[in-house]
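A.B. asks: Given next are the chains, with one letter for each unit.
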Amino acid sequence: MVRFLYVCLLRLHPRWFRERYADEMLWIFDEESRRRNAGPLLADAAASLVRQWAFRSDFQPEPVAAPAAGRTLDGIPVFYTSEPELPRPSALINGVIASVAVFAAISFAISHGGKPHPFTASIVYYSTPMPDNAALFASLSKGSQPVRGRVMEIRPGDRESAGLWSKFVATVTVALSSKPEEAATTTPPAAKPSEGEQKGMWSTLMSKVVVALGGKPATSSPPAIQLQPQPTVFPPAPAPAAAAGTKTSAADTPFFSLTTGSSPEAEDARPASYIDLLPLLSALDSDSDGVLSAAEIAQSSLVLNALDKNHDGRLSAEESGAQGEAFTRKKRAALLRASRAFMHLHPALAALDADHNGTISAQEIRKAPAALAELDRNYDGKLTEDEVLPDPLSYGVWLILSPLDRNADGRLSRAERANPLAVRWSDLLDAADVNKDRVVTTLELTNALRDRADSNRSGVVTWEELRRSMAPIVARSR
Amino acid sequence: MKNLPDNFLPLSPAALHILLALAGEDLHGYGIMQQVVRQSEGKYKLGPGTLYDNLQRLTTQGLVKEGARRVEDDDPRRRYYRLNSLGRAVLTAEIARLERVVQEARLHLQTASPRRA
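Line order of the protein sequences matches chains A and B. Going by our numbering, the first sequence opens with residue 1, and the numbers climb by one from there. Going by our numbering, the second sequence opens with residue 1, and the numbers climb by one from there.
Calculated directly from the structure, the hints in this document are not laboratory data. Errors might be hidden in some of the hints.
Restraint ranges, calculated between C-beta atoms of paired labels, are given here [stated by the list, open to error]:
| id | chain 1 | residue 1 | chain 2 | residue 2 | range |
| --- | --- | --- | --- | --- | --- |
| 1 | A | A43 | B | L98 | 24 to 32 angstroms |
| 2 | A | D23 | B | L98 | 28 to 36 angstroms |
| 3 | A | L5 | B | T111 | 48 to 56 angstroms |
| 4 | A | D23 | B | K45 | 17 to 25 angstroms |
| 5 | B | K65 | A | R35 | 23 to 31 angstroms |
Quantities reported herein were computed from a predicted structural model and do not represent experimental measurements. For each residue, glycine too, the CB sits at the ideal point set by N, CA and C.
Next up, chain B with everything else stripped away, as it sits in the complex (with noise of 0.2 angstroms):
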């Protein structure tokens, strides 16, 4: 079956954060994890176990690979995760999907908001 993006959806919510993390920029984990800190703004924190265990099925699915070493003097465990285009692909269907259910949330917030007399 081809792998369309639609067949990855929807993303848990820490794929969704880790491949949001990775879309900037290459990180490595731990940059994966403070990146979701801030864009959570401290409420939603990634143990490296849930972390690593999520990049390894992203990295199975093809969401995501393993990018070069920045830097020569960088630490040696230090691995750099890379979003490809299907991962890419898939993040766009995954806010995309995210803005309907948010527009889908505010039609049904309006609509079950009390009426004035």
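Looking at chain A on its own, in the form it has when it is part of the complex (with noise of 0.2 angstroms):
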């Protein structure tokens, strides 16, 4: 023990010095403590350390320098090499400090930083709804490669997936109409949905294309699609005598109602879009032009604490526009499961979910427009339509799945299958279920809708292929 103790002192001591005599004195050492008691040659080594640091530091042998071959030309400054020396213990430590405060304060310059740079990767932080549904992702461009993964960038198909989503969800509406031209006829124009009206009609709108399929229109035309949730039990199929105009009740009404809103035909209302349609957005847009301006962008925390209806200082998937039976269940993983499928559905909802926990907590709310400020691709300062649509076909798995999947746990069982509900699409179920198992998996559905609904076979499906595929089931389901 005394001989490790001396050993350290030897080690402290200057680089220089211990290269040197360390050995001799160990030897020393072990010769001298054979003989008489060690102490005094604790007390020596521990002297010479403080000996060496404090005064002996003019013996430390300087960098030799090259020779200054650059002098002999004109005009070329002259480099020096120093031998291959280890710097001092004290630069070392000094360097280590120096390192760790530029690290700090380039941390928290990014942390706090405002918007950020305009070549800045615009990077839009997406989930499958499921982890094993990877092939989704090969819908999110042409020519893009399956990548299984939780982030990647998502580009649209092309540019003409802006506004198809308005195509989308009036052909869904005309299609879920009994009689559309009367829709035409007698929608108002488009206007702000209120609070009232806001809450659930996402969720109708993704079910009602799966679920809602015999709802009957309600007999006044709110503007766009105005969801009404239902959080019963799934009902029968509604009767075909449930005829436009008549007023459903809560025995025969679907998971969610919906009701028709402006036609696309009326020429004074704009489409409703996406961003009018996601209540969380469509709160953000505060002039209700379908674009989230710059201002807008800045003024985003504060509106997202307005969401925060239970006061808890963050946003719950049911706060940032989800509605429908799954969020209203009891068993927390469930609901967990569920929230984090839809908030990582929608890119916008993904960004300001930033941990992908389902929630949008205080700090991800404080720093919503910067996530925000993320989804801006052309960084023209604001958001439009297609910077915030989510993938085609993922959402349309969603849209199919979600009713379905009582348990939220991206599979749909035998039980499941046996819901009412399920009979609409049983084609599409049992052209997905290639195992033969009764099970259908978010993989195996994704698989066949992309075989259905991409038309030109491209690996990519479009909102408008989408429309295409979907509206079929849509019409044969009334």
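Join these two chains into a complex; the hints should help.
C.D. replies: Structure representation (structure tokens):
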């Protein structure tokens, strides 16, 4: 033990002294410690340690300059090289401290910076609704390879994606309406839905295509699509006798009910855009022009705080616009999975929910302007519909799956497929079940929907292709 | 500046004893320590830290240099040190200085001794 301490003291000596004399000092220690007490030797080593560091720095070998060959060349700087000696320990410590300080300063500047630099890559955080449907990524862009991952850049299949959401919504609206022409004639000009009207309209939109195909259109047609959540058990398919204009009862209404708004034929009304229909984005769009301006993005934190109905400091998926039975369940695990799927489906929500835990925390709300700015792919300072649209194929899969997947595990079990609502998709689900185990996973459904919707076999499903694919099913379901 | 022996004077007690120890023969560090103990009749003991601190300084000043190993099977950690000509000259000058000091001391001691009445 004493020898170990002595060795430690020797190792603390300056390198030039240690390399020259440490072995000899240790040898003397070994010889002397056999004959007498080693205490004085330890004291001597400690005194030597202080002496060498404090008073003997002038014995440190100076770096030897290399031959100044550059001096022979006029106008060329002279460079020197030093011997391959390590810097002094004090210099190393100072370097470490300086490096940590610089790194901390840069990290602080990055985390508290303002608007992203225009050269910053535009990254949209996007996760598939379920962990095993990596094939969804194949539809993200033309020519892109399927990627199994959680973060990737999403680019629209083509520029015509912008606005196709509106066409898709309008087509579904017309298809679901028993008398589309009536909707066109009775629809008042588009107006901003009230807060109460906004609630649930998103969920109705996505479920209506799949679930509420037998639902009756409302007698009065509010603008765009109004969703009224009906958090009840799945009812049987509405009878054809449920004519338009009749009020549905709780027993025969589908999981979501849908009232159709202004038809796309209305010339004086702006078709409902995705920003109008996603309640969170609609709330951010204070001037209801379908575009999130720079000012609206800058104020997003305040608006998001206003959406916090229960004042818990964060936004749940339901407060972000998700509606449906999945979000009223008592089972926490299912609710969490459904929340994550919803938040991950929509690029804007995925960007806001930076940690992808299914809720937008207070810190994420504070960083909302920066998170939304990341979606601005063309750096024009505003967000348009095409910059926040979800992936069509992912959306289609989720549209079909979410009303049926009661436990939100990303797969339809036999029991879940026995749901009457699943009958409408029986052809698609049967085609998806390639292994014939009567269980349809997200991946299987994705592949089947792609095969069905990708009419031009490009590998990419556009909104128009999704609309064409789903419209016949919608019509047949009526 | 030329390395004159007087420029190194006075020597510290440790340096003086080390040079004295090396004046007779080449010694390794532990041998120097033992020789110093003998010279001082056990009154002065050098620790390894003090020894090698002084050896480092004396070597840097050019008074001592490292000698060759004497025996092939000697402990490889042993290094022998040798007094060079400058070191010997410095030691001679230091001894001469000390002799003058001693003479002066004796003179003063005799002068200061009480006179007989």
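A.B. asks: Does each hint hold? Answer for all of them.
C.D. replies: Hint by hint, here is what the structure shows:
1. A:A43 with B:L98: 24 to 32 angstroms: Roughly 29 angstroms apart at Cβ, these two residues keep to the hinted range, so it holds.
2. A:D23 with B:L98: 28 to 36 angstroms: holds, 34 angstroms
3. A:L5 with B:T111: 48 to 56 angstroms: holds, 53 angstroms
4. A:D23 with B:K45: 17 to 25 angstroms: holds, 21 angstroms
5. B:K65 with A:R35: 23 to 31 angstroms: holds, 29 angstroms
Of the hints listed earlier, there is not a single one the structure fails to meet.
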